[in-house]
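**Student:** Two independent chains are provided; combine them into the complex using the hints.
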Amino acid sequence: MTDVVSIPETEIAPGQVGGRMERVEDERLVRGLGRYVDDLDPPRVVHVAFARCPYPHARIVSIDAGQARAIEGVLEVLLPDDVLGRTGPISILRPIPEAPRVMPYALPREIALYEGQPVVSVCATSRAIAEDAVAALDIDYEPLPHLSDVEKALADDAPILHPELGTNLLVQNPRGDGNPDAGFAESEVVVDDRFRINRVSGLPMETRAILASYVPGVRELEVVASTQAPHLFRKQLSDSLRFPEADIRVTTHDCGGAFGLKLGIFAEDVLVCLHAMDLGRPAKWVEDRMEFFRGATQARESLHVARMGASSDGTILAYTNHYYVDLGAHNSPMGSPMLSSLMFQGPYSFQHGYVERNVVLTNKVPVGAYRGYGQPEGCFVRELLLDRIARKLRIDPLEIRRRNFIRPDQMPWQTPGGAKYDSGDYQRCMEMAAETIGYEEARERQRALRDEGRYLGIGLACYVEMTGYPGSKFLGKHGAEYGAHEGVVVRANRSGGVDVYTGVPPIGQSTETAFTQVAATVIGLDAAKVRVIAGDTQGTPVNTGSFASRTLIAGSGAIERAGREIRDKALRVAAFMLDVPVDGLELADSVISSVDDPEISVSFADVAINAFYGHRLPEGELPGLEATAYYDPISSAFSYGTAAALVEVDPETGEFSLDRFLFVHDCGRQVNPMTVEGQLHGGIAQALGAALFEELVYDGDSGQLINGSMIDYFMPTTADLPKIELDHTEVLSPVTPMGIRGIGESGTIPPGAAVANALCDALAPFDVDINRLPLTAEYVWRLVAESRAHA
Amino acid sequence: MTQTLIDVRLTVNGEPVERAVEPRRSLVDFLRHDLGLTGTHVGCEQGVCGMCTVLLDGEPIKSCIMLAVQADGAEITTIEALNGEELHPAQRAFKEAHGLQCGYCTPAFILTSVALRERGLDIPREELKEELAGVLCRCTGYQNILTAVETYLAADD
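Protein chains in written order, with our numbering: chain A, 17 to 807; chain B, 41 to 197.
Derived by calculation from the structure, the hints in this document are not laboratory data.
A portion of the hints provided could be inaccurate.
[As the list claims (entries may be wrong)] Distance windows between CB atoms, simulated:
(1) B:Gly87 x A:Ala151: 18 to 28 Å
(2) A:Arg44 x B:Ala195: 17 to 27 Å
(3) B:Gly87 x A:Leu295: 28 to 38 Å
Just so you know, even glycine gets a beta-carbon here, dropped at the ideal spot from N, CA and C.
Chain B with its partners taken away, still in its complex shape (with noise of 0.2 Å):
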């Protein structure tokens, strides 16, 4: 049933936004429909995969679970922000190790690993397990993924 539809102003990936969306829609149906930001993917709509992960004021959160009416006034991250000619580190340790095949969840992971750089933190292999493991991947196994992140997370400036 269409529903009345609610203003949203928001800022993605440093351009504002403003649009009038129906309360159901999800703020990865909005960013990739509404505003065709489609390197942010869907793999399950229930908050566990990972795939729609985008940054959120800085943070990794789950776009899938987050109504596009709840992110008004956010300041929102997508893997189209980190694009140009040349690849951004993070983009070109994946690469480099080998850290993904169907490239699906390459966004969520590439996304997730540029906040844990904001944070400046040194992280163990096995802290590190547990810090993406918000995000899933059926190709990879994982192995070059965490090489990637953590070759990312050590590279200087």
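Extracted from the complex, chain A is given alone in its bound form (with noise of 0.2 Å):
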């Protein structure tokens, strides 16, 4: 295993790979002069709302939308009969192997599936005119009955969603190796419970958002719109709108916020380009929150049950967990998230494991991608798993987790759940982890107060991360309708830097930045002379987009490829104006110099006016100096790390504050520490929201969503968040292009799983064991007095 001791920070100019370069991004955003979508307001624009279903599960008696269509204003009223028979099913973009595509229509035909689902889509000149035609509409509903719970969506005597189906459970997907039976049989100790994972929303800041506009006889359509992957979205556009992608155009300017939500289209978007392509006016539609909760897809809902054994000194023997995965209504283009599966293993080197997906559908909004993307789930129960065997075998759980883990030099390590680890020292994270919160000081303080009835807490987790594609052809395999690879165009100007155009829109990620650095470095240049044009699928190059924490990773193996080809061609051309032999030339901060005499130079300004002119080339060089690019993975790089948490709890009252929250990672490569910790800030903020106060609360009679608007719905503020203390190791993947692995994800994975264990270790006396989230105080209050009562 390669260990890297890197470069010191002080040492790195703040524009190269590896140092602290503030944002490009920032100078127009601080400014509030980002563009998103509802900040255009092209001439003629005209606005949709929708007809949302109240029902979880409802026959469309009855449409009349006489009235509606009477309003001045409104400019046309679309119903479902309008729209099925000129659209194509919402296309899937990673299906689930072995399922059949449950694809929904733009809108439903018969049967509305969950409540917020669009029913009828109205246009008018403002909004509020198209609120008030949607309010005039007559509906007559026929509610069915729902299901809003995966167990009784798998009882015998459940009504079936998909009639054509036959079964609510839409798919059942294996996965393991050894024999989990001889390993349970051999264990000392053998713990098992159902883990409830709560239903939450990613919740970006800047709601889902399309403008669309189409000139009748032109044939364009020209949609901006807020998403992490323009390119896959107008894909999907053409396929619904059975319209030639040739002929779409997707511009995503700056995006508010994705997190795995804007991951694809949604029915919205199809019916807002009918319509623009109805009136041959702009058309726009902003969501506002109220539809939101209702309408974009959740994450996360599931029922985990798992059963881990382990032998006298701690070993795990055997893991396995049978998972139900609450999907809604039908699939979203993401669909149900896989890596619960892939990434049960996490860190330990257990051989005998079985894993298995089912995944269920429901009357609720259809679940799709969200940061993290079962990760945290999976980790959550592993997790605590693994501290109830420590409590039982009186193994303190630092120790028990160093028995247990994988070791650099088993690598790469094959998982039980198909993963191929690459590197990393995965016990070097959490002693760090250990020492910098004073695990032992906080052990012995935890014995002193026990004695005044304080009960402190001390809880670990560890995790590790696949990031990025094992490559296109491995999504191939899979279904996949995109593929592993990123692509770039790198063209010189005139003004002595480069233009980097990529598919990958701005959704807060700081790729931008990012792509700055790493073009700068590869080619040569001061990072102030390059400019990233990024998320319009006009003049970039077909790709696939900001997820799966792959966007780094895919597209620095581009942007190098194209800036060496730049940065080559540069050279010629510099020899050939020089008259010098290109081996003795060199091209940093922008200028192209000989290695033994620096007065022998050229800007690379003027290499690159020349190389426009073509006037002073080499025999057989091309004008130009532009390069297009493409990379695809040669396999996924596993990211890794432990999160610590100290809380001290009022048995009393089950309330319980974080006094100190630490994650120690390992991402390989930073090619700018800043944003990697402003990305694990973020994640972690959304894995302490989940794991504390986020929950959307469906009502077991009505079926209906009861706390869906931010009022009802506590994402953290400022005021709920504690200090997070953040720190690293830099091992860098010998797979991915300059040893980069992926944080997007990473902070959100095992922050819940910390906390928890922290409350049962500080719980330890009662004798309580966590099994769901959000951990409330009410639900901590719960568990220690019914630990009382059967005391």
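**Tutor:** This is the structure:
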């Protein structure tokens, strides 16, 4: 394993790879000059609003749009019959293996399957008038029996939501290796439980939004959308609208947060395009927050039935997890998370493992991708079971992990779940976390304070995270409708810099800055001379987008190749201009000069201008200075780390304080340590939100969402979060460009488990076992109360 | 249904503004769509998320739950008032501290900070957390926002 001691940050120029470069995005964003969809008001723009089903499951008996159409300013009302004949279903970008594709149409044929599903689409001269018209629609619904729970959905007498399937179990995907039964039989201790993971929302501050323009005859559908994958958005629109992809342009100027939620198209996107095409006027829809909670994909909800066995010294011998994902009413473009399966082993070296994903249909908003994508759920279950084993065997949680880690010399490591870990020193991150948090002192303090009736707890959780895909061929075998690659065009300009064209849109994850640093470093330019032009399908190579912690891995590979091509040509042209051999030239700080005699030099700008004119070029060299390059990953890279939490609990009320929270991680080469930290802060905040406060609650009787507003859904504010302490190691991945591992999602994975383990640790005298999220004071209080009742 | 228009007169970023608006026009929609000041954003339209924060007579308010007609006679400041070739010190502090990611909440936090600085108080971090809790951010986890605001509040004039 390559263990790299990185160059101290202070020695790296900010604009180069590894430097703390301030973000290029910020010059516009701090001025409020980002261009989000609703910032665009083209002339003659019209506005769309939707009638949404108020029931979780209902037959649409009749729709009378007469009064709505009569309102002055109403331009078009689209009913299901108007839409079904002229559009195809919404395609699935990442189908679930072996599962039938349950693809919705933009409006439902006869049956609405969840509260919030669009049923009628109205276009008017203002949003207010469109909403007036929605209110004037007369829609007669016949409510049908609904399902808001996976167990009820799998019961024998459950209504079948999609009769053509004959079951609400969409698919069962098993993975595993070894013989878990034998492992459990050998185990000294076996623990098992049913873990309920809460349904949450990614909740970007900018809701979904789209502006579509179409001029009849010209056949160009111009779309501005808030999406993390404009090229995939374009492909899906083409699929559903049955309109040539060549005639669609999708642009994302700026996106106010995405987090997986803005991956692929939604029904509303298809409908807005239809209005624009029918009316020949720009049509806009900006989702309001009430719609968002009932229409945008949700995440995470699952029931995990898991079992872990270990020998008397704490060695894990077998682990199984049968989990049930509450998919909601149908597939979303990114469907049900599969990384609870692939990554179920985590950092531990057991051989007997079995994991089974059951994807279950219910009458809820479909589940889509959300930062972490199955990994926070899987980590929670595994890390809590491991701590239970530690408590039963009276082994310290730190020590039991030491006894189970996959060691660096065992890499690469093939897991029973099907992943191949590339490299890493998992134990080192945990030891650093333990040292920084003062683990041994905290244990002493815990013992001392317990005598005073105070309950301190220390919790650990470790993770390994799949980042990036193991190549386009892998995705092809699994039916994905996209590749693992990124492509870029890098083009020199007459100002002595380069323009980097990428389909990766700005969604807040600092890719413009990171791409700038990679291009500047590879070519040898000042970072100020690099401009990234991002997120427009016109003029960028067909690419994949910003998701799956893959963007910088694949993107930097493409920039590296294109950049080298440009640098090499610039050196050849410079050699000709200077009349010296090319071998003795270097390109640094935007100047090409002789290594032996720096006086012999020419600026990159002059080389570029000459290349564009084509006046003085070597024999056989063509004018121009640009390159298009693609990079396809050869393998996933696996990030890893440990979260540690210190809590103090009041068992009388269940209230607790999160006194310290620490996260030590490895994402290989850090292209920009400042933005790496930013990614972690944000992921951790989302994880703590989901662990402590957030839950979309559906009423069992009515099947309706009961807290679908910003007032009732508790996303953390500044006042709700602890200080986040970060540290890292930098073990370069041997399988990626520059040794990068992804970092965008890591922060979401272990925090919930670390806090839950800290609570169980604090309440060890009461022998409580946590098995659900979120960790509200009421829930903690109930655990203590139940324990006392049994005692 | 089209409504009768009502005249409003107010000052926006130092400029007098006079318009006839529908009574149901929110202040934020007025600023964004009538005046083209799109640096103020919209996140929930119920006064929770704070994306629409602007200063009204120097105080941060949520412009999504105020009607344009209610702002008659008021002095409104939006992020655009701070903009020039060089960044305003608050904008610079956010950039330097990496206090933003997607940028959607940033104008609201910057205007809130400007109002806090006007009050001229020395605010410890725990109190600052409460002061800033009226604006939400989903990207940053707030840590760098707090650093940015502290740096800006502590800076000499």
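**Student:** Please name the hints from earlier in the document that this structure breaks, with their numbers sorted from lowest to highest.
**Tutor:** none
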